[in-house]
Amino acid sequence: MQLTITNLNKTYSNGVQALQNVNLTINQGMFGLLGPNGAGKSSLMRTIATLQEADTGTITLGDLNVLTQKEEVRKTLGYLPQEFGVYPKVDAITLLNHLAVLKGITNSKERKELVESLLHKTNLWEARKKNLGGYSGGMKQRFGIAQALLASPKLIIVDEPTAGLDPAERNRFLNLLSELGENTIVILSTHIVEDVKELCQDMAVFNKGQVLYKGNPFDAIQEINGKIWRKRIQKAELEEYKKNFTLISDKLIGGSPVIHVLSDGNPDGTFEAINGDLEDVYFTKIFATA
Amino acid sequence: MFLEILRFEFSYRKNRAATYIYFAILFVLCFAATTSKYVTIGGGSGGQLQPNSPYTLTLMTIIMTFAVTFICSAIMGVAVLRDFENKTESLMFTTTISKFDYLMGRFFGSFCVLVLVYSSIWIAMMLGFSVGRFLPWDPSWKEKTIHVFDMWHYFQPFIFYGITNLFIQASIYFAAGTLSRKPLLIYTQGIILIVLYEITGTITQDLENKTLASLVDPFAVRTFQIYTQYWSPAQKNTMLIPMEGMMLWNRVIWCSVAVLILIATYYSFSFNVVTSSWFKKKKAIKEVVSKIRPESVVIPVVHQFTGFSTHLTQLWKQSLFYAQMVVKEIPFIAIIFVGVVDMIVGSFYFGEMYGTSSYPITANVLGFLSEFDLFFLIIVVFYSGELIWRERTVNINLIVDALPVPDWVSLFAKFFGLMLIYVGLLLFLILFGVTLQVSHGYFNFELSLYFKTLFTDEIAFLIAFTVLSFFVQTIANNKFVGFALMFVFFIANLFLSAMGVEHPLFSFNSGSLGSYSDMNKYGHFVASFTWMKLYWLAFVGVLFVISVLLGVRGTEVLMKTRLKIGQLRLTKPILTIAISTLLLFVSSGFYVYYNTNKLNKYLTKEEQEKVQVDYEKTLKKYENALQPRIVDVNLKVEIYPEDRDFTAEGYFWLKNKTPKVLSEIYIQNDVVHNMKIEYLRFEGGAKIKKNYENFGFTIYQLAKPLAVGDSVKMSFKTKFETKGFVASGSNTNVVYNGTFFNNNYFPSLGYSEDFEIGDDDTRKKYKLPEKERMLEQNNPIGLSQSLFGDDADYIRFEMIIGTSKEQTAIAPGYLQKTWEEQNRKYFHYKMDVPMVNFYSIISADYQIKRAKWHDVNLEIYYNKGHEYNLDKMIESMKSSFDYYGKNFAPYQYRQMRIMEFPRYASFAQSFANTVPFSEGIGFIQKIDDPEKDLDMPFYVTAHELGHQWWGHQVAEARVKGNAMLSETQSQYSALMVMKHSIKPELMQKFLKYELDKYLTGRSRESKKEQPLALVESQGYIHYNKGSVVMYALQDYIGEDKVNKALHDFLSDWKYPSSDGKYKRYPTSHDLIKYFKAETPDSLKYIINDMFETITLFENKTDKVSYKLLPNKSYEVSIKTISEKFRADSSGNEKPIALKDWIDVGVYGEDKDGKDKLLFLQKYQVSKKDNTFKIIVKEKPKKAGIDPINKLIDRHSDDNVKTAVEEEKL
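These protein sequence lines are chains A and B, in that order. Number 83 in full-length UniProt numbering belongs to position 83 of the first sequence; there are no gaps in the numbering. Number 104 in full-length UniProt numbering belongs to position 104 of the second sequence; there are no gaps in the numbering.
Worth flagging that the hints you see were computed from the coordinates, not collected in a lab. There could be a bad hint or two in this list.
Stated by the list, open to error - Residues of chain A clear of chain B, computed beta-carbon distances all greater than 10 Å:
| hint | residue |
| --- | --- |
| 1 | T60 |
| 2 | E83 |
| 3 | E198 |
| 4 | L212 |
| 5 | F271 |
What the hints assert, rightly or not - In the SDA-like style, the derived pairs of lysine to any residue whose C-alpha atoms are separated by at most 25 Å in a straight line are:
| hint | chain 1 | residue 1 | chain 2 | residue 2 |
| --- | --- | --- | --- | --- |
| 6 | B | K560 | A | N266 |
| 7 | A | K89 | B | T393 |
| 8 | A | K89 | B | M325 |
| 9 | A | K75 | A | L64 |
A virtual CB, placed ideally from N, CA and C, is assigned to each residue, including glycine.
So that you can see chain A by itself, here it is in the shape it has in the complex (with noise of 0.2 Å):
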């Protein structure tokens, strides 16, 4: 199976064009969608996941096509949303459970296995019975993956699910999200560059409405081989390089900025030559074709 985007368009009534002639085909496997706040990655999973109407173009889910036969799509999808709330006053496993009827688990038995195996893979267990308002965050970010995964979805659209997790949690989820990545379409957004390269096959880069960059992520890297510099400047210095080079990124290390340039050869001899990572070419893509 196969998800297809053709020539998606879409434009809000405030004028902002979310999406932008959006052509992408995604297999299945992780696919993750990166782009900085406000790229527009939420709307196109909003679209995908039949929230949201385009303007123009198609996405088809196999035979399905997405915009219309949305119905169908939703038998087979799980979301999670970047930002949601729950219920206050329900409990964790009444909410699981009744999420789990809606999804055309009618089956009580097997709901029942169902539910309790994703408490226990969320590791929720233990609260099952606390009220959903009680929770902390990354106890409501874990209900929403095990909700998002109830009755084995053939396409799983994650909106940033990595954000207000602690890293011992992050990992846990991105373990969980690469057992499912094999026969099922998954998609991934985030800003965090970490998260696609270490589950991805293939990936997107998004920003402003359009596709930056297509494929895999160590062709990414591959594109970019040699072309990064680095260099250590003084904080007044920044402007000053920014006018004169590419520059693609800078982070304080240790106080001082350290800059990271995108140049056929040393820009101007000061610099000295990395090994590229993800998060360069996710910056470059950004910032160097803007």
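Mind docking chain B on chain A? Use the hints.
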């Protein structure tokens, strides 16, 4: 800092559109109320009451503080809450602001805005009355001259009652919002306030509770009503409501409560970001690492089902889910709790009438349970809104929206979730009703009736408003706009009928089961109810489908996009349902229309009025034309109860009693009840000279003119036919079981003045001259006819009635024969003496209770199950006959029958030896404790029997003051029967209610108050004042003297007639002569005070003290104040000189601790301040002037004061 916050709050509100919208809403509402005919606030003005009288302005000002509740909660409730909702509280609380500055700054800032918003009503009213006349539309007071503008009349109520009410409400909402930090709890506060107001309304049914109610009502509406209850129109037009007495106390109490609430808020408010819950501390959930390692868990593969049956399962589960969620909500519990409290308080005052309760028959309990409707409505509006917004409020909407559940399942689940709650509440109400019945010792639970009513009418109401609210919320797509739209919808619905849109097809959720009668059940109301409900349910069905199609799922909220998505959702099954509900809606609408407008004639109120106007304009010229009189009635009436039809066929004999030969006869058909005259013939022939078909008025030219003293036989057949159902005002006289109609349905002679418009305000609208309610006492036309009209003096009467086999039919007269024929039952009645031209035809399935008084047969025809008071009624009949026979004149018939009729009307009426008596009044009255409760069945029976003398033996002339002869004297007769059978305290209680009703009645007089001797069909005068006055008369001159006067009057005036001894009927003036003859000269003034003028007293006891005398007796010293006033017809009073005999009384205590009269004697009082010294043998408890309230006194409670021993002073 305080000022800074205040200014900030103020400018925040200043920049919000909502502030201006609130202002505009109030302004438009008040401006419309002052300048248009369609909108009124607080009942408006009319008649004598000026539209801009201080009374009306104050009432409007207070009522508007009610309407402002919604706005008040929006402004005050969120003053602090806003910081929490916008999550800016951390920013606010970490600044250097002190708690006091923060809270009070927010409070007073918002409060200033609130006052400014509210001042719109003040401006609107001032402007409205100033410019109303120059507007393009006509104000309701167009034809009137109104008061000149007086700023203080607007300003005083605004400050005294407007701003104080705002302050009270503001502090409550502010506290609720600040402390709970939950918006919904703010609304709950509003509900509590309204319930307090409701409760005060309930308890004021008992006269003793008025003080309590005055204090408890937070809005001071009841206080205002009670304070001004006895104000005459003249006082209302000129006097401002001063801040004194109860008005002052109410304000002091509630403003103090408000200040206390603010103080409490200050101390309870914690300047912390996290609130600690009021109920229990929230426990932080500790993470425990599970023994099972997540990595090792294998997620099982499960079957995912789809299809209709899965959807039904999902629907059911989700409905339960929502129902459970709502039930757990604290505001929901609060609403229910408050509602139940309201019901419990109300149950103590269940079905009161003169302080006596009714039996809790299920029909009455159902009426009582409908008080919960208010709470239902609140739940419907709030929780339908809450549920539609549920997912979006908690932000789980994207997860839920992406689930494979069809759109209709989600919406239906919310609907069914609420339905489950409604059903639960209805079952609870039934339980409540049954408990109420048990607590009254009543065990005839008609559970099926509970279900039949609540699960049809009530549930239809709930469904209709829930779906409407869903629809509104879906379309508006903003919860608060949705609430506001629902509010606007209710208001608009109220004014729709005022604007002439009256047809039930346009009045949302119209269709009523009517009131339930044990006799007729829900009768013919069921058919129209069913169709109307089908129509409205189909209508909301359509709304539901639209809501499904346009409901927001996902993030698209633009209507344009939703319409596009809606097309996708319009699948075949949905389309089929949409089309079929639409078809059902349209076809049931057509069927209703066919019934109301095609089978029956439909006229709007205005069209009806126009017919009346045309009638008057066209036919008034025939009003006083000479006509013969009916002297003989012989009819065969065939009643078909199951079809609600009847025919009447037979003849009248008409006799020319005029001094002229008559050649034209004017026949008026009863068009009000749509009677159809099949034929109408005169013996000797007649031709129709002119026929006004619209008005049912036909002029016949007799072939042979009717000579003076000659008679002609008029034969006719007339028919009443029920076709389908009508839009409103369906006939309740001819019903399945309990038919009761009178000769109004039959052809009558001449112009019918009753058909004219009576109300002067309406007459002005149609440019008709003002109309006197009755003719002057010296008017020869009035004097020549009795209260029963000019069609006849006395008639010979014979009637055969046929009815269905199960029913008994009754008419005046003695039963000659009864037989069965063609599966129907026939009754032949004949009267052996002449009787007045007023007869009833009755048919129902009856049980009969029989008794005898001497040789008079006493019978009560009653509905099975209503046996409660039969013995009382029989006893009353016997006592009445004893008293009236001995004191007035012998009874003229050999039988007396009382017949129960359905409760569609609640009166009893006296026909010749026949008294139809509504099931709603005497039959189900409950007399728990004869020591404490008045015996209404006993009293009403005595009153109606009194009419056999007063009305039937002596019928009065149809002129001013007529009812003083029939109604007042029947009232007196019943009072005397009662006086001899009950304790004096009960008698006093009864008279106190009568006095209250009189004083309240006169304060609402729309035209002019008349003295009793000139009463113009004013019930509060001829019944209530009549009771008080007649009771005082017999006290002053003696019962035997009054009876002698009545006896003499009766023997002189018995059976008056236009061709009798005096050639006329008697007037009140005639009777007063007999009273005067029995009154000693020293008391002659009371006749003038009581009957011929409007005289009021202000008797008050200032101080009562006593001292023990050496001879073991007590000297009581009573300091009193007495004033006497004479009022004109508008209630303008002037003091007049006193020279009156007034009771002075002293009470002691009997063995049981009850009051006992030790001393009662009349003193002549001729100055304002008096001191009486009275020696009594026993220890005095209290004393005063006019202690038994014999005189008309607006403050009857201050006549008596507790006695204090002198040393202790």
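How the hints compare with the structure:
With a least CB separation of 16 Å from chain B, T60 (chain A) remains clear of the 10 Å interface cut-off, as annotated. Against chain B, the non-interface label of E83 (chain A) is violated: not every CB pair exceeds 10 Å, the least being about 7 Å. At the 10 Å boundary, the C-beta of E198 (chain A) stays outside the reach of chain B, the nearest C-beta of that chain being 16 Å off. Non-interface call for L212 (chain A) relative to chain B: holds, since the shortest CB-CB distance, roughly 24 Å, exceeds 10 Å.
With 10 Å as the threshold on Cβ separation, the claim that F271 (chain A) sits away from chain B holds: the shortest Cβ distance comes to roughly 44 Å. Distance restraint check for K560 (chain B) and N266 (chain A): the Cα-Cα separation of roughly 55 Å exceeds the 25 Å cut-off, and the hinted pair is therefore not satisfied. Of the pairs offered as hints, the one joining K89 (chain A) and T393 (chain B) holds, with about 13 Å between alpha carbons and a cut-off of 25 Å not exceeded. Restraint check for K89 (chain A) and M325 (chain B): the C-alpha separation of about 8 Å stays at or below 25 Å, so the hint holds.
At most 25 Å may separate the alpha-carbon atoms for a hinted pair to count; K75 (chain A) and L64 (chain A) meet this at roughly 12 Å.
Checked against the numbered hints above, the structure breaks hints 2, 6 and satisfies the rest.
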